[in-house]
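> Given the coordinates of chain S, work out where chain Z should sit on it, guided by the hints.
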Amino acid sequence: MITLGWLYPLVGLLFAAVALRSALDRANVKRLGNAAFWGLMAVSLLAGDAIGDFANGLIVLALAGLAGFGQVGRGAPATTNETARVAWSERLGNRLFVPALIIPLIALIGTLAYNYTPLGAAGWIEPKRETYVFLVLGVLLALAAIFAWLRPPALAPVEDGRRLLDAIGWAAVLPQMLAALGAVFAIAGVGDAVGAIARTAIPEGSVVLTVAVFALGMAAFTMVMGNAFAAFPVMAAAIGVPLLIDDYGGDPAVIGAVGMLAGFCGTLMTPMAANFNLVPAALLELKDPYAVIKAQVPTALVLLAANVAILAVAGFR
Amino acid sequence: MGGAVTYLPLLGILIVVAGFALRLNPMLVVTFAGLATGLLAGMSLPEVIAAFGKAFNDARIIAIVWIVLPVIGLLERHGLQQRAAALIRGLRGATTGKLLLGYLAYRQVTAAIGLHSTAGQAQTVRPLVAPMAVAAAGAVDDTEAERIKAMAAATDNIGLFFGEDVFFAIGSIVLIQQVLATYGHDLAPLELALWAIPSAVAAFVVHGARLLWFDRKRSPPSLPRGGGSRAATVVGAPPPLASGERSPSPSKLGEDL
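Just so you know, the sequences run in chain order S and Z.
The first sequence begins at 1 in the working numbering and counts up by one.
The second sequence begins at 1 in the working numbering and counts up by one.
Hints may contain errors.
What the hints assert, rightly or not - BS3-like mimics (lysine-lysine), calculated; alpha carbons at most 30 Å apart, straight line: (1) Z:K54 x S:K30; (2) S:K128 x Z:K54; (3) S:K287 x Z:K217.
No wet-lab data here; the hints were simulated from the structure.
Excised from the complex, chain S in its bound form:
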C-alpha cells in the first residue's frame, strides 16, 4: 500500500538538494544558514520517524533558532530573466499551460477515480490520503513532460524550486511549528481554561446572546490557536452542547456545522493560520506579510455576522 511514508522521502530529497545547492551558492552571504535550515528539514522528512521525539524536538529548536536569528537568507539560483521569459512565452504559446495543468488534473481525476470506481476497492493507497499521492504523481509526470519537451538543464528543477523556496523562506516551516504549538497547548490544558472563561461571559437566559458568544468565541479562540479544529471541541464543551443544544434545544447539526464555520471566519483573520495567511504572502512575494489577511478581514467580519444569524434562525426553528 502506498502511504505518506513513500512521499516524505521524495520531499526530503528535494530539501536535501536545495540544501546542497544553497551551500554552494557564493552569492548568498547566509548560504550556510540556508544549507543548515533546509538540511534539517531534509533530515526531518527522511528520518523523522527513526530519530525519536526528543531529536525531532532539537531539530525544531534549531530551525527556530536559524530563522529567528536571521540566518536564513535568499540565494541566487540560476534562472531566466524577464526578457527571456516573454520570448519563451511567445514561442511556446498556450501549450505552456499543459504541464501546469497536469498536476491539478491528475490529482482531480485520480481522486475521483479512486473514490468512485472499483479502482479504490483494491486498497492500494493509504485511506484518505489518495489526493496527496496523486498530487505527487502529477508532479512526477509534469516533470517528465517538461524534460521531454523543453529539455532544461538537469539542475533546473532544483534551482528554480530553490528560487521559490527561498522566496517563502522560513514561512514554509511555520505552519508545522504552529501545529506543534497547538499540540503543546492541548497537553497543557489551555482549552479548558479558555472554555471556563467563555462560560463566565454568558448572559443568563438570552439565546441570541449565547449564540453570539459561542460564535465569537469560536472565531476568537481560532484566531489565537490558528486553527478552528482546536477551538471547536473547547467551545462545544463549554457553550455549544450544555447551553445551546441541551438547555435551549438548538438543532445539533446547525450548532455543530455553523459553529465550525464561525471559527473559519477567525482563521481568515489571524497570522497564526500561517499556512493560509502568511505563506501565500511570501509565495506571492508581497511586501506586506499581512496583505492577505487585510484582504480577507472585510469578508470574514460580514460572514461572521451571517453565521451568527444562521445559528440563531436555523438553529432554533
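Okay, now just chain Z, sitting in the frame of chain S:
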C-alpha cells in the same frame, strides 16, 4: 467552575499575542510560547521538547505540497506567468473581479465535492490566478498589483474554507461529528454537511460582491490614484523576479544555469 482548571498555561497565549503584536520573528515566538506553556503546565524541559518534536513530526503532511515548487519554478523559467498574463490580455471584457469571481466559484464547487487539495496557493494561485488577475486589471502600479495578488490569495482561502465543509467526508465534519457524539448527539455527516450550505452561499454572495466592487473602485482610469507615490514604489520594489536581473544573454532564451 471549580479549582480544577488552571489558568497558568494561558500565559502561552499571551506570549503569542504579544510576540505577533511586537512583530518578533514568529518562529521564535511560537517556540518560546510552546516551551513556556509546557513548563507552566508542569512538564520538564526534555518532556516539552519531545512533545514539540513529536507534534512537528506528526504534522509533516503539511510539507508535502512543496514538492510542486520545482515544477512551478521550471514553468516560470519558461514564461508561464507571462503566458497567463498574455492569455488574459487577449480576452475581451475580462476584469480582475470577474476572473476572481469565477475562481471563487470553481474553488467552492471543487472543494464541496471533496477536491480541496487539487488547487491551492502554490499549485494554482502563484503560477496562474495571481498573474491573470493582475493582467486583467491592465496597467497598474506596484501597490495596486500587490492588492490584486493579495485578493487572489484571499479568494482561494475563502473559496476553500466555505466550500470544503459541504463535502461530508472532510476532516472538520468528522471532528464535529465525533465531538457531538461524545455528548450523546449522534449525527450523520451528511446532516452536518447540509448545514454548511447556507454559509457557503453567504460566502459566495459576500466575497463575490466585494470582488465586483473591487473592479468598480478601479474603473475610472483617468483618476490617478496614489498621487506621486509611484516613483517611490518603483524604486523600493524588487523586480517581479529578482533573480532574473543576474541572468545574462537573453538571446540564449534562458538556457543558462
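> Indicate, hint by hint, whether the structure satisfies it.
Evaluation of the provided hints:
no., hint, verdict
1, Z:K54 x S:K30, "29 Å, holds"
2, S:K128 x Z:K54, "22 Å, holds"
3, S:K287 x Z:K217, "22 Å, holds"
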